[in-house]
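Trainee: Single-letter residue listing:
Number of protein chains: 4
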Amino acid sequence: MDKPLVIAGRSFQSRLLLGTGKFSSSEAMKRAIEASGSEVVTVALRRVELENPQDSILSAIDTSRYLLLPNTSGARDALEAVRLARLARAAGCEPWVKLEVTPDPHYLLPDPVETLKAAEILIKEGFIVLPYINADPILAKRLEDLGAATVMPLGSPIGSNRGIRTRDSIAIIIEKANVPVVVDAGLGAPSHAAEAMEMGADAVLVNTAIAVAGDPEAMAKAFRKGVEAGREAYLAGLGSTRATAEASSPLTGFLR
Amino acid sequence: MDKPLVIAGRSFQSRLLLGTGKFSSSEAMKRAIEASGSEVVTVALRRVELENPQDSILSAIDTSRYLLLPNTSGARDALEAVRLARLARAAGCEPWVKLEVTPDPHYLLPDPVETLKAAEILIKEGFIVLPYINADPILAKRLEDLGAATVMPLGSPIGSNRGIRTRDSIAIIIEKANVPVVVDAGLGAPSHAAEAMEMGADAVLVNTAIAVAGDPEAMAKAFRKGVEAGREAYLAGLGSTRATAEASSPLTGFLR
Amino acid sequence: MDKPLVIAGRSFQSRLLLGTGKFSSSEAMKRAIEASGSEVVTVALRRVELENPQDSILSAIDTSRYLLLPNTSGARDALEAVRLARLARAAGCEPWVKLEVTPDPHYLLPDPVETLKAAEILIKEGFIVLPYINADPILAKRLEDLGAATVMPLGSPIGSNRGIRTRDSIAIIIEKANVPVVVDAGLGAPSHAAEAMEMGADAVLVNTAIAVAGDPEAMAKAFRKGVEAGREAYLAGLGSTRATAEASSPLTGFLR
Amino acid sequence: MDKPLVIAGRSFQSRLLLGTGKFSSSEAMKRAIEASGSEVVTVALRRVELENPQDSILSAIDTSRYLLLPNTSGARDALEAVRLARLARAAGCEPWVKLEVTPDPHYLLPDPVETLKAAEILIKEGFIVLPYINADPILAKRLEDLGAATVMPLGSPIGSNRGIRTRDSIAIIIEKANVPVVVDAGLGAPSHAAEAMEMGADAVLVNTAIAVAGDPEAMAKAFRKGVEAGREAYLAGLGSTRATAEASSPLTGFLR
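Read top to bottom, the protein sequences are chains C, P, G and V. The first sequence maps to residues 1 to 256 in this note's numbering. The second sequence maps to residues 1 to 256 in this note's numbering. The third sequence maps to residues 1 to 256 in this note's numbering. The fourth sequence maps to residues 1 to 256 in this note's numbering.
There could be a bad hint or two in this list.
A pair holds if it fits inside one copy or across any two, identical chains being indistinguishable in the list.
[Stated by the list, open to error] The calculated lysine-lysine pairs, modelled on BS3-like cross-linking and capped at a C-alpha distance of 27 Å, are:
no., residue 1, residue 2
1, K176, K3
2, K3, K124
3, K141, K117
4, K176, K117
5, K176, K124
6, K141, K3
Don't read these hints as lab results, they were simulated from the structure.
Take these sequences, add in the hints, and give me the full structure.
Mentor: Below, the structure is given as structure tokens:
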């Protein structure tokens, strides 16, 4: 039996975190969340009306079943990110925040300096901070040292569906980290999610690939299986790769 | 609901075919077969004693539940392959054969000419022939035209765990084929199997990666999920890849 | 000093073979051939009027400086290819032929069976045969055994500019071959040509990437340098790759 | 004719920068520098005795022909790097510095925060700063905004010979940069260097692959050609890649 994923002392059975952007309706989103088996659902603070109980996104998420993880998507510097996080807490959200600081609107890549700065402030204020970062092993270590609850390196740009294009760096981050590594951004297919888990990542976050799929509910289920497949294979002990072939049907019965 | 995989008129719910080489014991093999959900299990004819009901491999496979698919592993030319197939039928096996002709013992790569020759003979004799081939789209088409029941292009050399290193060619084979395409050889992790299915392959065959895993039963279960994840994602409609990012948290609520 | 490339007993200093399709004019083609340093220029037999000394392509190539290598481009089966080769010899060409048999007009992939058949006939008739093939190590070996002067595996489909997408298979072909290995098709940039040479290929053939470049003459020169760079690096002894870093500036002066 | 590479107002014909670590002797190093055509040679400040005119490395480099670019290799934080740079200037070096801050000895990856901090100090003190960085487009932009003379993103870890494993990120850095982009670290073969130049990089820096080659002088020459090939191809206009084939020998003579 696998042990649970533990983030900041809280345990989760599912290793698939879900984003809520880009769904065509709150109904489609609800069905996808359900099918994904996810226990952590992230919501862009700039998109929701925190004070409005009728907000279409918030009211669609049953917070007794899912951890609502506010994110600072759209923040262009540390101050904007900090302000968004504080607003969420003031409105009654739990003090968890997925920290995103992306000055460039074209590739939405994270800013290492502003992310560190915001993380430092928010951690001091008692937030549980999950920072979205470039696949930079030294930056990941610094954030861990500051007290980040996880590190969330990108596989490829948000919404690009390109998969894990930063494989070498993510492998080093995983090797060195003492907090959970959650591969975020760019995972466009269950095989990408499985690959991350086979490498030893602790979890993945998926949004676009599910939200814009032909059938988001079916895609959510597919990603759930992909994540489980990769995790189980990691635990079962994957073989190493070889340059040459090795007969899978040797002539001498069972191996002894 | 997915439609079943149909090979030569026979329907299968599972799209994961299993090889039986390299397991450490018949007990380990049995548990892995069970966990895989597979309905087609391939056995090297040179390894089994067809006339011996106590043969450790054959007696471990419940042929009322699994299609026993004899393979000609070890055959170095067409005649050896044909002879092995005929022996199997004479001993009471069903007339199905996974055709492997591999003159080179180092990389175990298939011989296109001898494979074609053997396929032609065996199809004329009424066999259901599933040929193992290089990822060669023209060869695949020729085998289909001869009456092969499937084509089974390799992802990478047998037992190498390198995954799909012939992606462009397999994509063309899938595009052109009118018989099921089963990606065979080299699939070393569930992510590789999922990738094949996401590309539109009809099934995959796995052996080494499961047989030599630390825990073969758990790995079989992981591959089962990987295959299902890839298939379901294919059916649910995967998004296309983009060079730039696209915000998964746009500022304007749900897409309209 | 490098030894020359020897094909069928004939020596060449250049390891870059050039195709002549797709140029915008015979003038552009002539300048590109000159700049490439190539000594072997291949011409599609179906495009030229062999009997016509004013043919725009033939008259642009100085056959005292370049080996004119007729190719059977456009042939869809062995018989068409054989007929084209015979016509070329009858018209006074040297008995060299680049054998291309491509039944499918969409990807122009070579047919292994018809290529073998045509090679066998042409070799018996005294032709020097250079077959274009899929990156299939067993097929390459069979052609070598028949007496082919080289093998010419594809990197990716003709004109696709995708580079070497068949790397594992080409590495095996190079390891096993006793005739020159010429990587043909799909090389879209000098880095692709260099990569082939670094792997130990004996030569490369390039056409589209030069012919359709913004400046074909400059591109021909660039490919020439790419081929030389890769060849010289191969001879100079490339280092192996490592997963971790190794300081290039260790603290202890020169290595001892 | 290509325009020269201009860094901080100084022009260079060569786009290949050379590192001096790991050579087996100063004689081998001198010959390799000569063969490379390089005009910028980087030296680890911790390895040389700046005050000693007999220092084996410094005395081997003719500073009337080459720009001696001191680097801070081995510095683990900003202060160490700043101290090394100041020492070099105090000893009479020109105020150029290749800034390397690598806290982790295993992968020698650059620290984004300490690199920024050191860059800021050194630029204020009048140094020409060329920072070695992870392939992080936002960090690159910040360094440019601070006044860095170039940005030098890594292809893969130093000395790993793995080539460009950060391709997507480097493409974005090139797209956005207004200072020269020099791809540094991990380039193990001329094809890697050519690839960087084809992508539009302004220059590359190579050390290990040349220094530890079987024949460093020949390898330096090969890299020189690789860099030139890639640059010239970039200027000549590379074609785009296609999924399908396109006949390089169409049946209708020259394109019109």
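Trainee: Next, verify each hint and record whether it holds.
Mentor: Hints and how they fare:
no., hint, verdict
1, K176 with K3, "within (20 Å within a copy, 44 Å between copies)"
2, K3 with K124, "neither (30 Å within a copy, 52 Å between copies)"
3, K141 with K117, "both (15 Å within a copy, 17 Å between copies)"
4, K176 with K117, "both (22 Å within a copy, 24 Å between copies)"
5, K176 with K124, "within (24 Å within a copy, 34 Å between copies)"
6, K141 with K3, "within (24 Å within a copy, 42 Å between copies)"
Violated hint: 2 only; the structure is consistent with all others.
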